[in-house]
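Student: What follows is the residue order along each chain.
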Amino acid sequence: MICNRAGAVVHGYFDNELDAVSAAEFERHLEQCSDCVYALEDMEALRSSMGLAQLYEPAPASLRKKIAASLGSDRPVATVPSRPVWGWLAVAAAILVIAYASWRVTSLGRSGGYDTVLAAEIVDAHLRSLQPGHLTDVISTDQHTVKPWFDGKLDFSPPVQDFGDQGFPLQGGRIDVVHGRSVAALVYVRRNHFVNVFIWPTDEKDRASSSGSQQGYQWMEWRKEGMEFCAVSDAAPSALEQLQSLLASN
Amino acid sequence: MLSPQEQARFETLILPHLDAAHNLARWLLRGGADAEDVVQEAMLRAYRFFHGFRGGDVRAWLLQIVRNTCFTWMQKNRHGKETDEFDEEVHGAPSPTPEALAIAADSRGRLTQALESLPSRSREIIVLRELEGCSYKEIAIITSTPIGTVMSTLSRARRQLQLALTGPANKESIHDL
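Heads up: the protein sequence lines correspond to chains A and B, in order. So for the first sequence, numbering that gives the first Met the number 0 puts the first residue at 0; every next one is plus one. So for the second sequence, numbering that gives the first Met the number 0 puts the first residue at 0; every next one is plus one.
What the hints contain is simulated information worked out from the structure, not anything from laboratory work. Fair warning: there could be bad hints in the mix.
[As the list claims (entries may be wrong)] Cut-off 30 Å, straight-line C-alpha distance, at most; resulting in silico cross-link-like pairs (DSS-like, lysine-lysine):
| id | chain 1 | residue 1 | chain 2 | residue 2 |
| --- | --- | --- | --- | --- |
| 1 | A | K223 | A | K204 |
| 2 | A | K152 | A | K223 |
| 3 | A | K223 | A | K146 |
| 4 | A | K64 | B | K75 |
| 5 | A | K152 | A | K204 |
| 6 | A | K65 | B | K75 |
Build the full structure now, drawing on both the sequences and the hints.
Tutor: Take a look at the structure:
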């Protein structure tokens, strides 16, 4: 390692922790620095080996039961659907839907910038999508497969783009229903977290993004060129912001 | 004791992060059996402190309690090689021997061994980043470490894991040859 940027900056870039200006500056540097390119490749290789090695150690069922018992709870202990393990994901999603429904009853009175009822529907739709077999109707990482798939199924043509190179590979798409109308849902994955991006046409003028969170799920909505976008995920808010800026800049 | 409403809130907010709690404890303690006991203790602590939780990043709040419970447990159960665990300078170099690495020929075995040989401060940071997907800011909160230290520790830990993966016969990264 000879390049003196190959320290913190390259890690910050790899982890998407640089601000947009520093990231752009580093990308210009990458064009002429093979040390940094190799350093990034090594980090990517390490990350994929760690992913393939399945090192994550979820809580065993026995521990889950013990903890539920020690808290005096007769309810099963829910899990976060952060990794695609479909078996327990269905259970977790079901529990979250129930938990969320009860939360929603108490939250409708709250005022917020974004329509809270709409945000609630979006999170509902996200949770629904995490149930087995519900995530994608068309499974493809190729935008040129996903985009035509929507043709004839919707009365509009949603913008579809893969951001695999930027850390948000496209997983596919499906039709969903939000606010009583059919909408396009694009599914991206950010590490182990699924991101649903709901898109539908609007007559209202462009609006910068606003965001919020409900029950641990982040959402972010914006309007651009006659389309309303709403992204929702349990990924970190910063990840959602990155995806938002990718989508909004294309 | 929490009120029934608070109890329900605890179950809705905290319990979904049980996997994250277990994963962190398992890697910090280098094993399953102790991790379960420590997670149980951490969950009880979280339950006791829950009225003090003011909202925000609930996973970070819980993982902070888990890692503190782990470190307390390690200090109480310190033996042999664990004593100087906190000294990153001493443990800066990758420690698995070539023999040990030869036994763990597959990458899962190698990675597990390499992770477990990292100093615990490096180990928790790389586990939070690569396995739990935490941001630098979240890691800084969970580990009570300045972001600059998070970054430098992360880069050191990655280098050590890369060396362990490329194998004892090839200590330098292939790109450096």
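Student: State for each hint whether it applies.
Tutor: Here is how each hint holds up against the structure:
Among the hinted pairs, K223(A) with K204(A) is consistent with the structure: their alpha-carbon atoms are about 7 Å apart, no more than 30 Å. Our distance criterion of 30 Å between C-alpha atoms is met by K152(A) and K223(A), whose separation comes to about 22 Å. For the suggested pair K223(A) and K146(A), the alpha carbons sit about 18 Å apart, so the restraint of at most 30 Å is met. For the proposed pair K64(A) and K75(B), the alpha carbon gap of about 27 Å is at most 30 Å, so the pair holds.
A threshold of 30 Å between alpha carbons decides the hint, and for K152(A) with K204(A) the separation of about 25 Å falls inside it, so the pair holds. Using a Cα cut-off of 30 Å, the hinted pair K65(A) and K75(B) holds, with the two alpha carbons roughly 24 Å apart.
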